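Visitor: Kindly generate the complete structure, drawing on both the sequences and the hints.
Those protein sequence lines, which keep their order, are chains S and W.
Heads up: take any position in the first sequence, counting from 1, add 215, and you land on my numbering.
Heads up: take any position in the second sequence, counting from 1, add 13, and you land on my numbering.
Think of the hints as simulated: they come from the structure by calculation, not from any bench.
Just so it is clear, the structure is predicted and the values come from calculations on it, not from any experiment.
Check before you lean on any hint, since a few could be wrong.
Calculated pairs, DSBU-like style, for lysine-lysine (alpha carbon to alpha carbon, straight line, at most 30 Å) [unchecked claim]:
1. K245(S) x K87(W)
2. K22(W) x K325(S)
3. K245(S) x K385(S)
4. K295(S) x K245(S)
5. K385(S) x K275(S)
6. K334(S) x K48(W)
7. K325(S) x K48(W)
8. K385(S) x K48(W)
Coverage of chain W stretches by chain S, computed from C-beta distances (three or more under 8 Å per stretch; other residues unrestricted) [unchecked claim]:
9. 59 to 72
10. 134 to 145
Glycine included, each C-beta is placed from N, C-alpha and C at the ideal position.
This is what each chain is made of:
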Amino acid sequence: MRHHIRRHLERLRKMERRRYHHLIHKLHKKHHISRKTLFYVKEYGPHTNVPRTIIRESVKILLLASIVSSVGGFALESIKNTFLTLTPFIILLPLLNNMIGSYGTIFSSKISTMLHEGKLKYTLMRSRDLRELFLTILLTAVITSIVGTSLSLSIAFLAGSFLDHALILKIFLVSLVDVVLLVGILFFVSLFGGLYFYKKNEDPNNFLIPITTSIADFGNMMILAFLIIYFF
Amino acid sequence: MGFFGKNFKEILTSEMVSLLGGLFVGTVLAVYADKLLLIPGMLLLLPGFLEMRGNISGSLASRLSSGLFLDVIKINRPSRRIVSGNLLASFFLAIVASLALGVIGFIFNYFVSGIFYPRIIFLPLIAGIIANAVEIVLTFSATFYFFRKGYDPNNIMGPFITTTGDISSILSLLIAIVII
Numbered sequence: 216m217r218h219h220i221r222r223h224l225e226r227l228r229k230m231e232r233r234r235y236h237h238l239i240h241k242l243h244k245k246h247h248i249s250r251k252t253l254f255y256v257k258e259y260g261p262h263t264n265v266p267r268t269i270i271r272e273s274v275k276i277l278l279l280a281s282i283v284s285s286v287g288g289f290a291l292e293s294i295k296n297t298f299l300t301l302t303p304f305i306i307l308l309p310l311l312n313n314m315i316g317s318y319g320t321i322f323s324s325k326i327s328t329m330l331h332e333g334k335l336k337y338t339l340m341r342s343r344d345l346r347e348l349f350l351t352i353l354l355t356a357v358i359t360s361i362v363g364t365s366l367s368l369s370i371a372f373l374a375g376s377f378l379d380h381a382l383i384l385k386i387f388l389v390s391l392v393d394v395v396l397l398v399g400i401l402f403f404v405s406l407f408g409g410l411y412f413y414k415k416n417e418d419p420n421n422f423l424i425p426i427t428t429s430i431a432d433f434g435n436m437m438i439l440a441f442l443i444i445y446f447f
Numbered sequence: 014m015g016f017f018g019k020n021f022k023e024i025l026t027s028e029m030v031s032l033l034g035g036l037f038v039g040t041v042l043a044v045y046a047d048k049l050l051l052i053p054g055m056l057l058l059l060p061g062f063l064e065m066r067g068n069i070s071g072s073l074a075s076r077l078s079s080g081l082f083l084d085v086i087k088i089n090r091p092s093r094r095i096v097s098g099n100l101l102a103s104f105f106l107a108i109v110a111s112l113a114l115g116v117i118g119f120i121f122n123y124f125v126s127g128i129f130y131p132r133i134i135f136l137p138l139i140a141g142i143i144a145n146a147v148e149i150v151l152t153f154s155a156t157f158y159f160f161r162k163g164y165d166p167n168n169i170m171g172p173f174i175t176t177t178g179d180i181s182s183i184l185s186l187l188i189a190i191v192i193i
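Guide: Written as structure tokens, this is what we have:
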């Protein structure tokens, strides 16, 4: 049996990448091999120029991500003078970018899986899994934000920055508002974006992750810039 | 599942690990603020530059992991065509993205701030080449290492790349500043 499947996979691998073959459908139905597996086997078969395929498929989204990040950076660049006087925020910026980006990735992949498993078909607002996912990420985000801000403030203090109670409070507030707002935005974007792509018979995984990580980066810098202008 | 179940613990642990990488970068940025952040347009390209490592090496790790799990890439005798193709593509993408960031920074400086500063093009380019030379090799070795040890690289490589990528990016930016 194993040998039989291996022989089919070898046949599939030798096919031209662009050519659709009924063998994919047959292997998927008969042997319950996922379409993703079959896709990978065919995608990087001997008829494929591996680097060209990867570059062609990745370059556009990569350039788009660079442009979106730069637009977010533009907001910070425009308040550079204020930003540079707030050492804890300089320490916090990459930390928040990383953190919020990974929450976007978690939302995207988990919601995509829920959609594939049919858990969100009719019970969108009553879905227990969805509610738990949101609350789990929100709680994690609040905890990591508090830990990250505390560590940033400690490092800034040790480096000789002047910190009074009002400043510490404002920095905690800005960090928490930024994280909570973005977790909410990312959740709704992942949910409704996921539903949209799923209804179009596309795999939401392929679209949601670049979208949410870009929104996370862009949104973090825009919200941070706005909050710094407002509070400082 | 429950709020404090397996998912919560896994997410919190991996976030705490990547938090350390972010903290390291932030501290280096604060220490070298006069050298790094005072460069015109630096804040514009920095987030994209830091994110690039995740985008490129993250996808590389994910493709390699899929190949390893599907047995398309053999752990003891990896297909040279697929592996070298992946490495070559990742490196090329890194150069393109770094160059794009440099050009965006230059355009912003010239048209918005009225500053003619062509070095901003070479800064992310040189730093991108250095950082990716380190990160791509590291990602490749780590993916194979974790897989050989019986771990699922998909669960580990995310925080691993974020943390090591942040460190290699910021150090390579400092090296690039010294070179330029």
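Visitor: For each hint, tell me whether it holds in the structure or not.
Guide: Structure-based check of all given hints:
no.: 1; hint: K245(S) x K87(W); in the structure: 26 Å, holds
no.: 2; hint: K22(W) x K325(S); in the structure: 16 Å, holds
no.: 3; hint: K245(S) x K385(S); in the structure: 61 Å, violated
no.: 4; hint: K295(S) x K245(S); in the structure: 60 Å, violated
no.: 5; hint: K385(S) x K275(S); in the structure: 39 Å, violated
no.: 6; hint: K334(S) x K48(W); in the structure: 51 Å, violated
no.: 7; hint: K325(S) x K48(W); in the structure: 41 Å, violated
no.: 8; hint: K385(S) x K48(W); in the structure: 27 Å, holds
no.: 9; hint: 59 to 72; in the structure: holds (count 10)
no.: 10; hint: 134 to 145; in the structure: violated (count 0)
Of the numbered hints stated above, those contradicted by the structure are hints 3, 4, 5, 6, 7 and 10, listed in ascending order.
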